[in-house]
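Number of protein chains: 2
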Amino acid sequence: MITPIIMAGGVGSRFWPLSRKDRPKQFLNLVDKNRSMIQATVDRISKLTAHDNIFIATSQDYVEKMQEHLPEIPVDNLTVEPMRKNTAASIGLASIYIEQKSPEGIMVVLPSDHLIIDEASFLDTVEAAVEVADNGDNLVTIGIEATHPETGYGYINYDKKYIQVNGHEVFEVKAFTEKPNREKAERFLEAGTYLWNSGIFVWKVSTIRKMFKLYMPKLDKSLEKMKEAIGTAEEAEIIRAEFEKLDDISIDYGIMEKAKDIYVIPGSFGWDDIGSWPALERVQKRDKQGNVISGHHIGIDTKNTIVHGNGKIITTMGLEDIVIVDTDDAILICDKKKAQEVKEIRNLLADRGLDECL
Amino acid sequence: MITPIIMAGGVGSRFWPLSRKDRPKQFLNLVDKNRSMIQATVDRISKLTAHDNIFIATSQDYVEKMQEHLPEIPVDNLTVEPMRKNTAASIGLASIYIEQKSPEGIMVVLPSDHLIIDEASFLDTVEAAVEVADNGDNLVTIGIEATHPETGYGYINYDKKYIQVNGHEVFEVKAFTEKPNREKAERFLEAGTYLWNSGIFVWKVSTIRKMFKLYMPKLDKSLEKMKEAIGTAEEAEIIRAEFEKLDDISIDYGIMEKAKDIYVIPGSFGWDDIGSWPALERVQKRDKQGNVISGHHIGIDTKNTIVHGNGKIITTMGLEDIVIVDTDDAILICDKKKAQEVKEIRNLLADRGLDECL
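Taken in order, these protein sequences are the chains called L and D. Numbering of the first sequence is given in my numbering, commencing with residue 7 and proceeding in unit increments. Numbering of the second sequence is given in my numbering, commencing with residue 7 and proceeding in unit increments.
You may find that some hints are simply not true.
Since the list can't tell identical chains apart, any single copy or any two copies may satisfy a pair.
Below 25 Å or equal to it, Euclidean Cα-Cα: the simulated SDA-like pairs (lysine to any residue) are [as the list claims (entries may be wrong)]:
(1) Lys53 <-> Ala239
(2) Lys318 <-> Arg358
(3) Lys349 <-> Ser300
(4) Lys227 <-> Asp267
(5) Lys318 <-> Ser19
Note that these hints are calculated values from the structure, not bench results.
Working from the sequences, and respecting the hints, build out all of it.
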């Protein structure tokens, strides 16, 4: 049985001022006007399993919003982290709830805020990964074919030998690597044996529990305690106490970089992590002047500019490569090259105690 | 008796989106946060005469707003033009009302939306002009010492011979010239016998009536009919009928370029016509990065940029030489070099029937 776990605890501050503490990226309708990123993610994976089997890893802050966006997901399937502790802890917590409900479950770990264009191809790739994961204690990941020397993603280096599963090439992973510098990224692209790390992982719940025991024994011990507490009056209290002790470690660093028997399946289903405002240029329709416009805009001599309106008419003259975002209480206007650094603006707002704008 | 007439019929579209059809530039607090341009103009000239003697030339559309801004001015002193017909008609209409109330009045024609920094020097210069105007049928104007070859203003060419009045040099005017091209403006500046035309004129009301009779007989005839109608039941009707017939001619073209006995007094009281958004850089405090900020702003790597906020926090990153104006229903973001062309945006809005934004 496929038991997806959607990772939805992120704050997505790079879409400020549209994204906020209480409205992170997964809740935004960035690509599809009618569906938030997380709604699209659930819709997509629900083609492979019932809503009752879909789990959402999130934090207490987002539980209410999650129920608004995903009324079809049972509230018990929200695995609520008492505090942010990176992906190893999130996946660990989810694994014990899934284990309890479906000991034979096959976890499909999915980011909640990525764009996938070709749904059929994506589902087909996931099914191949599920088959590989089910055949032993394999850790499987889906890697994205790199199109340029991106320095914003981690990379997966794989061995050229492969097996075929349902028409998909399945490679053995040689190494997970952190975000490279430009030079390294260019070497990766040239080598032809690197894929982008999409954050999509597939494994049996029993397998990942074994891996935690093997490579993250401290986390495993906490998970055991938490699992025993599920259903008791002390559940929340014990989870909080154990969570507090956990290290802030990603699943990549804690497991994937250490484990053996890791396989990667290349995915070519049109993927984008929509990491910051300029990503919209890759995935949205651009007008003749190269502008990406959402909302009411009138421009003269305006090129390659991203406008995200909020009701007011936004007028521009003589602009190029600018990002403009209007919201109820804040406006961002920045050079496109700076759009990745919008966190710095948030830091300044925080410094000045303007928490209501974060 | 000094009877100022403040020219306040203009639409000032170059400050869109802050200025609107129903809120032109003279009603904006562009320079002084607490006083609109027209309030500052009235305050200034009221040092020389009672509020009861100050007249305001405006149009029906602005009467209500004028009373809000200038409760101290008697409503009868608003000389209301039934339609826009340029400055000769405005001054003509004002002249008959002033003539009726103060036949000995000395008109001081003042733009309603210019900045004057040194009030004492300005008033002193006006008093000298009044003295010259009172001494015969002289037309007197105050010219601004040119600091650069500006192509946006008309120029006044004067004869080098002068007389002294109360410490002011009074020159005879050789010619009024329209806005020059760059080359011509540079020649004017070099010659040293040209001043900028400030639109400030001083003359006895009886003198300007004589000039209308001499140089604009058609206007004079209409003024006579309108004057006879004042106080009758047909006043509004006759003024409208006569106004409709009038030519669209400026006082410069209709009188000043033709009349003799015109004198100019150089003014050096810190003058600016605040013609468009970038003018604020000349008259407002700039921060260390050269930005002129009004409202709530947080910027990173933002230089020589003008921000006019409206409550929302405006955040900027990696911008240079940009104008940003937020209002309740429209936002303008434009290259500073384009700020003079904001009318083009208004034209596009009008084309699309977005009259509520004009």
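**Item:** Same-copy or cross-copy closeness of lysine 318 to arginine 358 [CA-CA at most 25 Å]
**Value:** between (27 Å within a copy, 15 Å between copies)
**Request:** Evaluate lysine 227 and aspartate 267 at a C-alpha cut-off of 25 Å and name the case that applies: within, between, both or neither.
**Result:** Cα proximity of lysine 227 and aspartate 267: one copy only (23 Å, versus 102 Å across).
**Item:** Intra- versus inter-subunit Cα pairing at 25 Å for lysine 53 with alanine 239
**Value:** neither (36 Å within a copy, 81 Å between copies)
**Asked** Can you tell me if lysine 318 and serine 19 fall within 25 Å by alpha carbon in one copy, between copies, both or neither?
**Response** Cα proximity of lysine 318 and serine 19: in one copy and across copies (23 Å, 19 Å).
**Homo-oligomer pair classification [serine 300, lysine 349; C-alpha up to 25 Å]** = both (22 Å within a copy, 24 Å between copies)
Consistency note: the structure conflicts with earlier hint 1 alone.
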